[in-house]
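Here's the letter readout for the chains.
Protein chains: 8
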Amino acid sequence: MTRTDLERLFEEVRAGRAPAAEAAAQVERALRAAPFEDLGFARLDTHRQVRQGFPEVILGTGKTPAHIAAIAERIVAHGHALLVTRAAPEAVDAVRQKVPGVQYHEAARAITLRQGDIAPGVGTVLVVCAGTSDLPVAEEAAVTAELMGNTVDRLNDVGVAGLHRLLAEQSRLHAARVIIVVAGMEGALPSVVAGLVRAPVIAVPTSVGYGASFGGIAALLGMLNSCANGVSVVNIDNGFGAACVASAITHG
Amino acid sequence: MTRTDLERLFEEVRAGRAPAAEAAAQVERALRAAPFEDLGFARLDTHRQVRQGFPEVILGTGKTPAHIAAIAERIVAHGHALLVTRAAPEAVDAVRQKVPGVQYHEAARAITLRQGDIAPGVGTVLVVCAGTSDLPVAEEAAVTAELMGNTVDRLNDVGVAGLHRLLAEQSRLHAARVIIVVAGMEGALPSVVAGLVRAPVIAVPTSVGYGASFGGIAALLGMLNSCANGVSVVNIDNGFGAACVASAITHG
Amino acid sequence: MTRTDLERLFEEVRAGRAPAAEAAAQVERALRAAPFEDLGFARLDTHRQVRQGFPEVILGTGKTPAHIAAIAERIVAHGHALLVTRAAPEAVDAVRQKVPGVQYHEAARAITLRQGDIAPGVGTVLVVCAGTSDLPVAEEAAVTAELMGNTVDRLNDVGVAGLHRLLAEQSRLHAARVIIVVAGMEGALPSVVAGLVRAPVIAVPTSVGYGASFGGIAALLGMLNSCANGVSVVNIDNGFGAACVASAITHG
Amino acid sequence: MTRTDLERLFEEVRAGRAPAAEAAAQVERALRAAPFEDLGFARLDTHRQVRQGFPEVILGTGKTPAHIAAIAERIVAHGHALLVTRAAPEAVDAVRQKVPGVQYHEAARAITLRQGDIAPGVGTVLVVCAGTSDLPVAEEAAVTAELMGNTVDRLNDVGVAGLHRLLAEQSRLHAARVIIVVAGMEGALPSVVAGLVRAPVIAVPTSVGYGASFGGIAALLGMLNSCANGVSVVNIDNGFGAACVASAITHG
Amino acid sequence: MTRTDLERLFEEVRAGRAPAAEAAAQVERALRAAPFEDLGFARLDTHRQVRQGFPEVILGTGKTPAHIAAIAERIVAHGHALLVTRAAPEAVDAVRQKVPGVQYHEAARAITLRQGDIAPGVGTVLVVCAGTSDLPVAEEAAVTAELMGNTVDRLNDVGVAGLHRLLAEQSRLHAARVIIVVAGMEGALPSVVAGLVRAPVIAVPTSVGYGASFGGIAALLGMLNSCANGVSVVNIDNGFGAACVASAITHG
Amino acid sequence: MTRTDLERLFEEVRAGRAPAAEAAAQVERALRAAPFEDLGFARLDTHRQVRQGFPEVILGTGKTPAHIAAIAERIVAHGHALLVTRAAPEAVDAVRQKVPGVQYHEAARAITLRQGDIAPGVGTVLVVCAGTSDLPVAEEAAVTAELMGNTVDRLNDVGVAGLHRLLAEQSRLHAARVIIVVAGMEGALPSVVAGLVRAPVIAVPTSVGYGASFGGIAALLGMLNSCANGVSVVNIDNGFGAACVASAITHG
Amino acid sequence: MTRTDLERLFEEVRAGRAPAAEAAAQVERALRAAPFEDLGFARLDTHRQVRQGFPEVILGTGKTPAHIAAIAERIVAHGHALLVTRAAPEAVDAVRQKVPGVQYHEAARAITLRQGDIAPGVGTVLVVCAGTSDLPVAEEAAVTAELMGNTVDRLNDVGVAGLHRLLAEQSRLHAARVIIVVAGMEGALPSVVAGLVRAPVIAVPTSVGYGASFGGIAALLGMLNSCANGVSVVNIDNGFGAACVASAITHG
Amino acid sequence: MTRTDLERLFEEVRAGRAPAAEAAAQVERALRAAPFEDLGFARLDTHRQVRQGFPEVILGTGKTPAHIAAIAERIVAHGHALLVTRAAPEAVDAVRQKVPGVQYHEAARAITLRQGDIAPGVGTVLVVCAGTSDLPVAEEAAVTAELMGNTVDRLNDVGVAGLHRLLAEQSRLHAARVIIVVAGMEGALPSVVAGLVRAPVIAVPTSVGYGASFGGIAALLGMLNSCANGVSVVNIDNGFGAACVASAITHG
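Protein chains in written order, with our numbering: chain D, 1 to 252; chain F, 1001 to 1252; chain V, 2001 to 2252; chain S, 3001 to 3252; chain X, 4001 to 4252; chain P, 5001 to 5252; chain G, 6001 to 6252; chain A, 7001 to 7252.
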C-alpha cells in the first residue's frame, strides 16, 4: 500500500464515497497482509519472486517426498519457475505425479521447470571445477545459474596439481563476469584463480576428500583464508548458494 | 519420615507401646528407603512423579525394544503417564504388546499413554518452527508439552528468509506464556523472536542442514550467542527437553 | 498507531477537521516511525522497556569507555534503569563522569542505576554457585536479577565433590521459583540440582578450569547433555543472560 | 608480448632490421619476464594493478614496521595507491617517515594514500554493522571500498535484537548495489538483510562475543548456513576482504 | 638371561666345559631373542603374560574374522586365556571353528576362554553404570575384570537424575577396592561417586547420547574435568581398558 | 548417627531419661547435620578427611589471594594438612601472613603444611617425566603424593626420542606400585612405559608443545588411545589429580 | 619450445624459408600448448610422467566406475603405467572391461598395470605397520612404492605395546633408505622408530581406533608433534601419498 | 659392546686372565650402559650424534634460561655442534655466559655453534617462503639445514596470489634435491610447487593469518589434503623439523 494508495483512500473518505470505519479496516488489513500461502506444514513465500527476482526454492533433503511435491505444485500453480535441489529419486517421482513437465538433472540432482518471467543476467557465469569428483556440486551451481537466467560456461578438472590445464584457459577466465570455483581436498584453486582475474570469485568447498579433509572443512578453511583478493565463500557443497550469489551479481 | 512421624514414634516408645530396638530399626529403614524399583538392568525412579510432577520418561535410542517395553510396563503399572521418545518402529510394536492402549505420534516419533494426575499448566506454550524439515523436533516438543498438561499452539515454517511470515503472527507470539523456537541451519529465529516478545524463549537447535552446519553445531552456537535477551538453549534436536523446561515454567 | 487511532483519524478527515493529504502523511510517518535514538555509532533501542519490560543493557566488552558512557547517559536521560555488564575500571570512571550516581558492583563487574518502573517478579530467584572461582559470574546473575525487580537468594560453593553441602539446603532449593546454577569444570551441578526440584533450572557454564575444560566447553557440553529434566543453558560466563531468562519467568 | 608484438618482431627480422639471435633472446626474456620487484624479504607484485585494478595491499600484522615501511615506499614509488590494513601505531610512524603524506584511519586501523588511476565503481556499497563493537571491522571495509573508488553508505548498530531499527532503513537497503553486513555473536543479521533485498550480501563475521562465540566461529558458521539466498562469506574480521569482493562487483 | 645365568655361563667357559666363541654367540642370541610369534600379518606377543600377568587380547574391530580366528588359535595353543573384545557375529563363528570351547557374552560383545594361570585380584571391582543404554560398555568391563581373576560387583542405572538410587547403595560403594563408573551424556556420575568414597574411580565415558554429546566427547570432557579427587579416565566406550587398570590395581 | 547411637537414644527415651520431643528433634538435626563450615564465599568440606583420607585442597587459580588465605587458615585451624596448588606469588604471600609455617615448592608451584594424621601409602609412587619442560607438572604430582603419605621416586627426561634412557631404568619401573607418566607433545611415553610393566600407569598430558599440540590436546588424545593396557588419564597439566589417584591406589 | 628451437625458427624466417606471420603463429601455439587430454568431465594430465616421473594416478573414491574406467583407458593408451587407489569392486569390473590385463591387489584395494619406463629407486623403502588393522593402508603404500620402481620391505604388527617386537628388527630399520610407518590409535610408533634411525620417516596415521581416536585425529596429532627428528606426516589413511614421498626420495 | 668385544672377553676368561664373575659383571654393566649424561633435570642423549648424525638439539620454549644454558654447556663440552631453537633473548644471554662463542640468528630465533664432524649433504635444500610474515619459520629451517651440513637456497614471498613470481623461478625449483615450502593462511603453495617438480616437498604450515586460520590449522589441513604428489607435512611453525627431514634426505 503506497502513499498514493493512501492519499486516494483518504480522498475517498473525505469525499464521502467511502465510510471512515471501512477505510480504517482496509488500511489495517494491508498492514497485516501476509504475502504467503499457509500449507499447514509450510508457509510458501509467494512474495519472494517480487522481492528477490526468483521464487522460493525447495531444498530436497530433510523433507518427505509428499511435502516436496505439495510445495512444488503450489509454486508452479503460482506461475513461478520450479527448482528442487538435492532431490532423491523418490522425490523426483513424487514431484512428477503432481507436476508432469519437470526436468531432472541427474548429475546436479536437481528438478527444474522453466516458466514465468526470469530476467536475463548480464555477462557470463563461469563454473570452474577442480576435479571429477566435484562435478555434482559444480553441476548444481550451473543448472541453478541457468534457470535464473544466466549464460553459463563450464571448465572442469583444472586442479592445481597440473597447473598448465588452468593456465591454458586464461581467456575464458578473463571473459567471465563472475566465477564460481568448486574444489575439495585442500581447496587451493579459488586462490589461484582469483590471483589471475578481476572478476569476483565465489568459492564452493566440497566434501570431496578423506581423512583430514573432515568432510570439507579443510577446503572451507583454505578458501576463507585465501591470500588472493576478491574471494568469498559459501557452505560446503552449496553449489546452489554460489549460483544465487552469482546471479545477484549479474542482475545488479 | 516427617518430624510428626518421628514424634509419634518416640511417643509410642515412651509409652511402652513399641520396643526401642524395633523403633530404631524402623528409623534406620526409612533412612535407607529406596523409592525406586530395581529391574536388574534398570532402576525405575518411582519417586519422580512426586518430586518433579511427571513420571520418568524413556529415551528410546540406545535401548533394546525389550528393555523399553519392560520399563514402559512398570511405569504404567504404577499408574503413571507414559512417554517414550525417539521410538523406533520395533519399539512401538514391543511396547504395544505389553501396554495395548498406547498412542503413537509418527511425526514426533513418540509413544504416549495419558493417565494419572497431571496438573494443568498456566498459559500457552507456543512451539515455533523455522522450516518444514524441523517438524519432527517441533512435534516432539508439542506432544511432550501436551502430555504434561499444557495448552500448546503451533507456528510452522516462519524462518527469517521471509520475515513477513513471522511478523504476521505477532499477536500469537505475544499471547504465549513461554515460546519454544525450533530451528536448524544458522539458528537465527530465536534471536528474532526473543527481540519481539517478553516471554522466555527456549531455543532448540536442530541437526537440519549440511556442510558447515556440522549436525546442528552452527545452530547451537548461534542460539548460545543470541544478542537478544531471554533465550536459553537445550541440546540439538532435544524437543523433549525444551518441553520439560516450558512445562516447569507453566507449572511454577 | 492502533485501530482506534486510525478510526479517530479517519473520522477527523471525514468531518473535514483534517486535510486528507496531511492525514495520509501522518499514517505514513507512523509506519516509518523509528522508536530508537541514533547516536551515529549506536542506535539506542528506546522501545525495549515497552516491548520487554527492561531497557537496553550495555555489554561492556568491545566498546570504548567513551562509547559506553555516551550510551549510558542517553539511557538514563530517558528515565530508564541502567545496567552495564563486564565493565572495566576505565569504563566505570567514564560512566561516573556522565552519570554521577551509579553504583559499581566489583565482584559482579557491573554498573547499575536503579530508576524507572520495574515490575516486581513473582517468587524467588535462587543463584547456586559450584565453587568460589565461579563467584563473578554468579554475582553478575544476582545483581542483574535484583535490578530487574526480583527477590534473589544465593547459595555458594556447593559443588558435587562434597554433595552433603548441597543436600543440607534442599529446603531453599524447593522454595525457589527458578534456579540459576553456575558451575565450571565438569559442570555437573545443574544435573544434580534439577534431579531434586520441580523449578526450571538455568545452567550457566563458566570458563573456570584448565586443560580439557577448554575455556568452559566441558561445562557447556555437560549441561547441554544433562540427563535431568528442566535444564536449559546459556552461554559460557553469561550470568546476565541467565538472569534475563529467570526474570522473564518470574514476570510471566 | 601480444601476437601483434610478435608479428612486428618477426617482420623486423625478416626485413633484416633485427638479427635473429637477438630477436630470439628478446622473446625468451619476455617469456621469463618477472613483473615484480624483488626486495629480498619480499617480492612486490607490481603487475597487480594491471591484472586486478588495484595495487598490492599490505596486511600489517606479522610484519615488522621496517618491512611495512619499505614495501609501502616502493608501492608509492610506482605511483600506486597505498593501503596498509591492521596497522599498529609503530607501523604508522615507520610508514610516515618514508611516505609523509599518508592518512591514518584510527577506527579502521588503516593507512591510506590516494593516488594513481582508480576507476569509479558503479552503484553504492552499503556497509551494515550489527553492533557498536563491530565498528572497527566495518570501518576497515568502508575505508577500503572508498579507496578502491566506491561510493559508500554506512548503517550502524541495527542488530536483530531490535529489528525495527533495521526495518526503518529498508530504502537504503534496496538502494545498494552490494551490501556488506558485519556482525559478531550469533551472526544472524546477514540472513535477515538478505531476506529483504535483491543485492548480493557479503557477510563478515567478527570476533565480537565471548564464551561459545569462540572468537567468531559462531558467527562464521551462522553466516555459512544462512537460509537466505545471495549470501557469501569472508574470513572472521576480514573487512578488507569484503570490500575487495564488493569492489569487484561494482567494477564488473 | 639373568646375572645368575651369565655367571654360570662364564664359569662353564672358565672351566673349559664350553668354548668361548659358542658362549659369546649364546649371549648375543639372548640379546636378540624375540619372545613373539610371527604370523606374517601379526606378531603375537607371547611374552605379555609373563610381563603383564595377562596374555595379549584381540580387539575385534578392524580385523577380518579370519585374522581374529588365526590369532585366537595361536593364543590358545600357547595355553593362555583368550579374550576377543567387540566381536562381530561373523568373528564369533570364525573363532568357534578354530577354538570350539569359547564362550560368547552377547551383552558385552566378548569372546572368552578361561585357561592358564590367572592370579586372583585382591578386593572387589565394582562396575557402576549410569543408564540402561550404557550396559554394553559396563558388561565389557565386568567380563574382562572377571576373566582377569577379579571379584566383580555390578550396580546399574543409578544416574544423577535420581540421586537417591545411588545414595541407597553407599555400603557397596564403600566396600569396593576400585570402582569403574560407566556413563554417557554429561558423564557426571564419576564425580558424584568419587566425592563419596576413598577408592580410586576409573571413569569410562560412553558414546550414549545425541546432539552435543558428540559421540561421547561431552562425557569424556566432563570426566577429565572432575572436581572430585581420585578420578582417572579411559577412552570412550573402553570398558576393556578400564578393567585392565582396575585389575592392575587389584594385582598390585 | 549410627544404629548404635539410635538404639541408645531410644533406650534413653524408653527409660524416661530423655523427653521424646527432644529426642525426635535430635534425630532430625542429625539428618540435617552439615559437616562443613560456611565462610560465605566458600563452604569448607570439613568432612573430607574422614570420607577420603585427605582434607580439602585449594586450587589456586581463579581465586583471589584473600580467599585462598582465608580458606587455608580454616583448614589449618581444623588441624588438617594444607595443600594449595597452582599458587601465584601473591597467594604465597597472603597465605604466609595467615599461616606462617607453610612451605613453598617453587618448581611445583605448591604451598604445603604437613600436619594431622596422614596414613602412609603401601609401595612406591614413581613419577616419570618425558622432558625438562614437563617438570612443573611432574613436581606437582610428586609433592602432592609425598604430602599424602607416599614414598616417591622420580625419573626425569626419558622421552621416546632416546629410548635407551628409559630402558636403562627398567628396574625402577618394575619396582613401583603405581607409575605417573608426565608427557607433552605426542604423549607417547605412557604407552611405552605401560608396555613394559604390570603396575597401573596414570598418564598426565601436559600443555608442553606448540602448533598442533593445541595446548596438550595431542598428548591427551594419544594417551586416551594408548594401545598398551593399564593406562588411565587425567586432565592436561593435572599433576595433582594424578597423585590423588596414585595415593588412592597405595592406600587401598 | 627451447631457445634452440626459437633460434632455428628465427633463422628460417631470416633466410626467407618461412613466412614471418606463420612463424609468429607457431610460437603463439607453443605458448598455448596444452599437454593434457580433455575428456569433458576430466582433463588427463599427460605431461605428468615427464614432469614428475610417474603418470597421473586415479583416486577411486568419489568417481563413478564409468569415469574411472574411461580415464584408465586413456592413461594406458598413452603407454603409461596405471594405478587406481581405493577401488571399489564395481570399479575393478569396469576397468577390467576397458583394460583387460590389470591386476587387483585386494588387501591394498588397488588396481595396477605395469608398463612404460619407470626408473628404479635407489635403496629400500621399508613399510612398518603398527597393527593388523592398519594393513590395508600399509599395503597401499607398499603396492604403490613397488609400482613406482622401488624395492620394498615390510614389517608388520610391531606396535609399542610390545616394544621387543620392533627392537628385534633394528637391522632392517637401519638398512632402509626411507621408512614409512603406518599406525592408528595413539600413533606413537613413528616417534619410536625415528628415535632409532637416521633415515627419513614418513608417518601415516590411520583411522584405526574408536572413541577419542576421532577417525585418526589422535594418531595424526601425535605424529605431527613427534619429539623425534626426521618425521614428516601425510593425510590419514594416505598410504599412496606416503609412497609418493618415499619414491621422490629414492629417485633423487 | 660388539660381538668382537664379547669374543675377546670370553677369551680372556678362558685364558684365566680375567675372573669369570668380574667378566659377567662387565657384560651386565654394558647391557645397562646408559649413553646419556644425567643432569638431574635432564638426561642429555650423548649417543644421538652417533645414532642420527647430529647431536641433541634444545627446544628453547618451556625451559628456564638456566636449564638451557646448562644443557648447552654440556653439549659443547662433548664436542658437538650446538643448536637452540626458539631462543628468547634471556636464553641467549644465559647461553653466552656459559658458551661465549655462540652465534645468534635473530630472524630465525636460533643460537648456533658450529663444531664437530658434520657430514655434508648431497644436493641443495631449497627453502620457499609464501609471505614476508612467514620469514621467521623459513629462516629457522634454513639455519638448521645449513648447520646440519647442507647447501641452502632461499626463495621468499612467492605466494599464489601472484603466481608469476613463482613461475619465474622454475629453474631453481627444478635444481633442488628437496624443497621446504613455508606458508600460512590457506597454505596452498606446497600443492602448487609439488605440481611443478619431482623433488620431495616438505610443507611447513605457519600460524600466520587470523580468524579462521585458527593459528595455522587452515594451512595445516590444506597441506595434509594436497592434491599434488610428493608432499609431506610437519607441525605448525616447525621450520626446525622440516630441516631435519630435508637433511635426512640429503644424507641418505
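Calculated from the structure, these hints are not laboratory results.
Each hint should be verified, as a subset may be incorrect.
Unchecked claim - Computed beta-carbon distance windows for the label pairs:
id, chain 1, residue 1, chain 2, residue 2, range
1, G, GLN6026, D, GLY101, 51 to 59 Å
2, A, ALA7107, G, VAL6050, 34 to 42 Å
3, A, VAL7122, S, GLY3040, 42 to 50 Å
4, X, ALA4175, G, ALA6107, 20 to 28 Å
5, A, VAL7122, G, VAL6050, 22 to 30 Å
6, S, ASP3005, A, GLY7123, 53 to 61 Å
7, V, ALA2107, F, GLU1022, 23 to 31 Å
8, S, GLY3040, A, GLY7123, 20 to 28 Å
9, A, PRO7120, G, GLN6026, 40 to 48 Å
10, V, ASP2117, F, GLU1073, 33 to 41 Å
To be verified - Far from chain D, by Cβ distances over 10 Å, these chain G residues were calculated:
id, residue
11, THR6004
12, ALA6018
13, PRO6136
14, ASP6153
What the hints assert, rightly or not - Listed next, the stretches of chain X that the computed footprint assigns to chain G, with coverage defined by at least 3 CB atoms under 8 Å from CB atoms of chain G:
id, region
15, 4040 to 4052
16, 4157 to 4169
17, 4229 to 4241
Remember, it's a predicted structure, so these values are computed and weren't measured experimentally.
By construction, the Cβ of each residue, glycine as well, lies at the ideal position given by its N, Cα and C atoms.
Q. Regarding the assertion that G:THR6004 does not contact chain D, is the least Cβ-Cβ distance greater than 10 Å?
A. holds, 22 Å
**Q.** Assertion that G:ALA6018 lies outside the chain D interface [Cβ separation over 10 Å]
**A.** Label holds. Min Cβ-Cβ 25 Å, cutoff 10 Å.
Q. In terms of beta carbon proximity below 8 Å, does the region 4229 to 4241 of chain X have 3 or more residues touching chain G?
A. With 4 residues close enough to chain G, the hint holds.
(Q) According to the definition I'm using, a residue is off the interface if its beta carbon is farther than 10 Å from all beta carbons of the partner; does G:ASP6153 meet that for chain D? (A) holds, 25 Å
Q) Taking the beta carbons of A:PRO7120 and G:GLN6026, is their distance inside 40 to 48 Å? A) holds, 46 Å
(Q) Assuming the hint says 33 to 41 Å, is it satisfied by the Cβ distance from V:ASP2117 to F:GLU1073 or not? (A) About 55 Å separates the Cβ atoms of V:ASP2117 and F:GLU1073, which means 33 to 41 Å is violated.
Q | CB-CB spacing for A:GLY7123 and S:ASP3005 relative to the 53 to 61 Å hint | A | violated, 39 Å
Q) Checking the smallest CB distance to chain D, is G:PRO6136 really beyond 10 Å? A) Non-interface label on G:PRO6136 holds, nearest chain D Cβ at 13 Å vs cutoff 10 Å.
Q: Check the following: the C-beta atoms of S:GLY3040 and A:GLY7123 are separated by a distance inside 20 to 28 Å.
A: Distance hint for S:GLY3040, A:GLY7123 holds at roughly 24 Å.
Q: For A:VAL7122 and S:GLY3040, compare the CB-CB distance with the range 42 to 50 Å and indicate the outcome.
A: violated, 28 Å
Q: Using the beta carbons of A:VAL7122 and G:VAL6050, state whether their distance is inside 22 to 30 Å or not.
A: Since A:VAL7122 and G:VAL6050 have Cβ atoms about 24 Å apart, the given range 22 to 30 Å holds.
Q. Against chain G, does the region 4157 to 4169 of chain X show at least 3 residues with beta-carbon separation below 8 Å?
A. violated (count 0)
Comparing the model with each numbered hint stated earlier shows that hints 3, 4, 6, 7, 10 and 16 do not hold.
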